[in-house]
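Let the hints inform the model, and build the full structure from the sequences given.
Below are the chains, spelled out letter by letter.
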Amino acid sequence: MKTLQKIGLLLFVVGLTQFTALTLMGEFEMKSQHFEQVAEKHGIRSSVFIQKSKEVFYRNSYLQLSDLTKGIENLVQLSNDHYRAAAREPNLSKEAKRAAYQKIIYANPKELTLDLARLSSVGWVKEHPNLFWWLSFGLGIIGALFFILPAAWNTVSAAEKNNKIYQTSATARGWVAWLVFAYLVGFYLLLYFAPQYSHHWTLILDPISEALNGGPASRWFVYGFMYCVVMLVMALRMYIKYRHNAYQLLRTSSVLFFQIVFAFLIPEIMTRLQLPATDFKNAFPLDYDFFFSWNLKNLISSGGLGLFILVWGIVLTLVVVPVMVYFFGKRWYCSWVCGCGGLAETLGDPYRQHSSKSLFSWRVERWLVHGVLLFALVMTAATLYSYFTGASSLWGLKTQSIQNTYSFLIGAVFAGVIGTGFYPIFGNRVWCRFGCPLAAYLGFVQRFKSRFRITTNGGQCISCGNCSTYCEMGIDVRAYAQKGENIVRSSCVGCGICADVCPRGVLKLEQGPEKGRINPTEILLGNDVSLLNLLNQKK
Amino acid sequence: MKQIVIIGNGIAGITAARHIRKQSDFKILVISSESAHFYSRTALMYVYMGHMKLEHTKPYEDWFWKKNRIDLLQDRVLAIDPDHKSLTLENHPPLSYDSLIIATGSTPQFYGWPGQELRGVQGLYSQQDLASLEQYAPHAKQCKRAVVVGGGLIGVELAEMLHSRHIPVTFLVRETHFWNGVLPQENAQLISKHILSKGIDLRTETSLQEIIGKDGKVTAVLTDQGETIPCNLVGVTTGVRPNIDFLKNSPLALDKGVLVNAYLETNLPDVYAIGDCAQQQEPMPGRRAIEAVWYTGRMMGETLAQTICGQRRPYRPGHWFNSAKFFDMEYQTYGAVPSARENTKEVSLFHWEHPDKALALSLAYHSQSEQFLGVNSFGMRLRHEMVDRWLSEKKSLSYVLVHWADANFDPEFYRSYHHEIIKAYTHKTGQQIQLQKKSWKRIFNLQSEKT
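Those protein sequences? They're chains A and B, same order as listed. Just so you know, our numbering puts the end of the first sequence at 539, numbered straight through with nothing missing. Just so you know, our numbering puts the end of the second sequence at 451, numbered straight through with nothing missing.
It is worth saying that the hints were derived from the structure and are not from the lab. As the structure is a prediction and not an experimental result, all values here were calculated from the model. Heads up, some of the hints might be wrong.
Quick list of in silico lysine-lysine cross-link-like pairs, DSSO-like style, CA-CA up to 30 Å [to be verified]:
| id | chain 1 | residue 1 | chain 2 | residue 2 |
| --- | --- | --- | --- | --- |
| 1 | A | Lys161 | A | Lys70 |
| 2 | B | Lys144 | B | Lys256 |
| 3 | A | Lys164 | B | Lys395 |
| 4 | B | Lys144 | A | Lys6 |
| 5 | A | Lys161 | B | Lys256 |
| 6 | A | Lys483 | B | Lys22 |
| 7 | B | Lys395 | B | Lys325 |
| 8 | A | Lys515 | B | Lys394 |
| 9 | A | Lys515 | B | Lys438 |
| 10 | B | Lys357 | A | Lys161 |
This is the structure we're talking about:
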């Protein structure tokens with residue numbers, strides 16, 4: 001078994017190395033039709049962009065992607081300088097002025113580079129996308145399975161599942177963890193801020209993308225596909241690790257289903273059918289751009305289905321979400337349905353113990369997560385105000401800049417780079433705990449109006465700390481359990497691991513009557529009954 | 001302001017300190033030689049197995065003590081002087097107290113075997129024991145085999161710990177089956193089978209005769225069966241005894257532990273003893289004089305705090321309960337279930353056991369009245385509050401079985417064995433009973449129920 005795992009690890013590392021190397025590999029052969037295609041796709045009307053391309057790319061073969069990036073940046077600069085100067089010519093008619101301004105390029109040069117790189121790429125990868133898919137994705141998946149599956153035979157019992165967690169570099173913030181941290185952060189930075197490096201990833205996924213949505217793969221297709229693959233592989237690990245626990249098996253299947261079907265397949269198929277692609281389970285305000293004007297316009301102009309999506313989105317947030325939280329707690333969303341939660345509960349499971357349990361962290365959490373919720377609401381208010389009145393700003397703040405700031409700070413950096421990149425060091429729910437505005441909203445409902453609680457079983461707690469250690473949301477579960485108090489914290493996502501790791505059967509997730517749900521106690525069950533009654537009455 | 005001094009920062013002493021602080025402004029000082037802060041002793045095994053780090057075993061963050069004005073002192077108390085109400089310490093000047101609480105817990109019991117002072121012979125009780133285990137049994141390369149002596153809860157935990165590092169374990173148990181001094185024979189057999197299934201070399205009806213060593217280090221043990229078992233570690237888990245050696249020359253009345261009355265008072269004024277080290281002069285019926293269990297330590301702390309703060313109260317715990325874990329098999333008990341040794345005709349047992357899985361249930365009931373007296377549950381979690389109420393309300397065995405779903409505390413979606421249990425009951429007694437679905441009304445006592 002050990003050998004099998006070592007082979008698996010080796011294959012995985014080879015696959016990952018190949019996957020990483022794809023960002024740096026590549027030769028490019030420019031042709032003017034490439035520029036025309038890119039210009040057409042991005043609605044570039046500048047003729048200078050095409051004309052000067054031969055000047056800028058005087059050699060038509062470039063070895064380095066960085067040269068390509070620089071070239072495009074120059075080209076865009078040249079073109080924009082040209083039309084800005086043209087627009088400033090004295091004695092120009094209004095029409096001519098507007099025509100010049102319309103030729104200014106606003107597209108992100110890196111996006112242009114990505115598309116140009118895809119078109120002009122020559123060589124092995126472009127010719128054999130399937131081969132390179134197998135060398136990167138294929139080897140990675142097979143290697144991971146070889147590494148994960150033997151555990152089904154190696155670990156014989158449920159009590160052994162957390163053995164050596166704090167004695168293993170990868171799960172105890174050792175050098176492996178820091179390496180994974182750096183890799184994940186690097187991956188997200190590249191995906192969000194240097195997309196041109198993903199051109200080979202899109203090329204090798206083109207066949208799958210075409211089969212699903214009828215078009216070439218975008219970098220977001222790459223991300224969505226990877227997300228599903230990673231979750232699927234790590235879900236198998238979950239099935240093995242928690243195979244004694246029916247709750248975990250069902251929950252894992254549920255997040256997997258919602259990710260693959262709702263977040264990935266349905267939107268891709270809708271794209272193929274030329275319908276507005278949407279993730280029906282993604283609720284505002286996690287889906288922060290739902291009310292952005294481009295989305296509203298898009299939905300309203302897409303006929304009956306568009307309107308349905310619009311109404312469903314509003315009903316989901318205002319009715320479905322709170323009603324479900326009343327009956328089942330926020331877990332129905334956060335650890336049964338949500339995509340962020342899904343990744344956290346699969347890829348992130350080996351790191352759940354790293355969430356800080358200190359009171360200080362709890363304080364930071366409440367400020368941050370409610371701050372983000374407020375931010376999202378203010379942004380949406382400004383957006384809707386702009387949408388209905390046509391004004392570009394609210395209270396002197398430009399709607400567009402609020403949206404851009406949110407998209408950059410919260411949407412990309414917090415949810416992506418920090419949210420997932422920090423898994424190996426700060427645990428798997430950094431985003432869900434400190435950043436997710438939907439979690440904050442669900443949390444209010446869960447705390448103040450819900451039937452859900454984690455029941456503490458009388459006086460059985462021995463304060464061992466397994467529950468707190470393995471709480472991914474950083475709740476000091478033991479602090480409640482050892483007082484005989486139920487846990488009704490707003491942040492609890494109901495993953496059920498505290499109940500699983502408890503060696504004394506003290507914790508149970510359940511929903512029951514609201515009465516008695518919050519039960520502060522002075523002393524615990526098992527002691528003198530009259531003393532128990534006396535002290536608990538006094539309270 | 002009255003100065004309370006507590007010797008020992010375990011669950012008993014710390015619970016007392018917390019509750020005294022809740023009700024008073026007394027000055028509180030907790031002295032411990034073992035650790036700077038309170039930690040959960042029961043979690044030491046998880047540190048060795050790598051589930052947690054030592055810092056995770058601390059139930060309160062370090063700022064907690066200052067905030068709650070509970071002073072901590074890491075030192076060893078050498079002697080007490082009740083005439084002057086003062087304590088002598090190893091590294092600090094003498095201290096005086098107004099009230100003294102002795103909560104020094106237990107220490108592993110050694111029975112004077114030849115060779116017991118060798119290196120690599122140890123109990124498992126303190127952080128120091130854990131450090132020693134890391135030294136002598138860090139992995140299977142250095143520790144080729146370990147022998148664990150004594151079939152109690154700590155023994156099986158130590159076996160599990162060593163097993164987690166792939167160290168072969170031989171487990172010597174004096175009884176015919178593991179822990180049959182506490183459990184009915186059927187339960188003891190189940191656990192023995194379970195331990196064997198984990199690959200532990202369990203030797204029943206075998207005792208330790210002698211520990212053999214070389215250069216001051218253990219190399220083997222000799223059993224009373226005449227067998228020599230080579231090993232690099234001997235874990236002595238033949239029970240614990242009150243940790244009161246430092247009190248031997250004091251005027252305190254001692255037996256095995258510090259003798260206390262129902263109010264947890266010793267023979268000296270303003271000196272109390274709680275937790276593992278306290279020995280009840282007149283234990284409650286059905287209870288032992290020394291109960292070295294986490295829960296009783298906590299309850300004594302809760303009770304004594306009342307007395308210290310002016311509401312003098314006897315220690316009168318409710319129904320007995322306890323829990324443990326044998327590798328991956330959880331065990332909970334409520335009420336009184338007679339052991340294999342205390343076979344009486346007055347009490348009968350109803351057993352149910354799963355044919356293949358490690359799941360079992362033993363319910364004790366009064367033979368004539370059929371009153372439910374207690375339960376041992378293996379691999380199935382029970383709702384403490386529910387079972388406790390059944391015991392208080394003296395429900396019958398059949399009532400308990402009919403409403404068994406109310407007491408189920410397993411995680412959601414776990415398979416319930418209620419049907420099988422009822423079937424077994426019908427098979428045994430010929431009595432037809434219908435199971436009832438779980439009811440929140442009954443669980444929460446939301447309306448008085450007619451039975």
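Against the structure, the hints come out as follows:
no.	hint	verdict
1	A:Lys161 - A:Lys70	51 Å, violated
2	B:Lys144 - B:Lys256	37 Å, violated
3	A:Lys164 - B:Lys395	45 Å, violated
4	B:Lys144 - A:Lys6	25 Å, holds
5	A:Lys161 - B:Lys256	40 Å, violated
6	A:Lys483 - B:Lys22	14 Å, holds
7	B:Lys395 - B:Lys325	28 Å, holds
8	A:Lys515 - B:Lys394	26 Å, holds
9	A:Lys515 - B:Lys438	17 Å, holds
10	B:Lys357 - A:Lys161	19 Å, holds
Comparing the model with each numbered hint stated earlier shows that hints 1, 2, 3, 5 do not hold.
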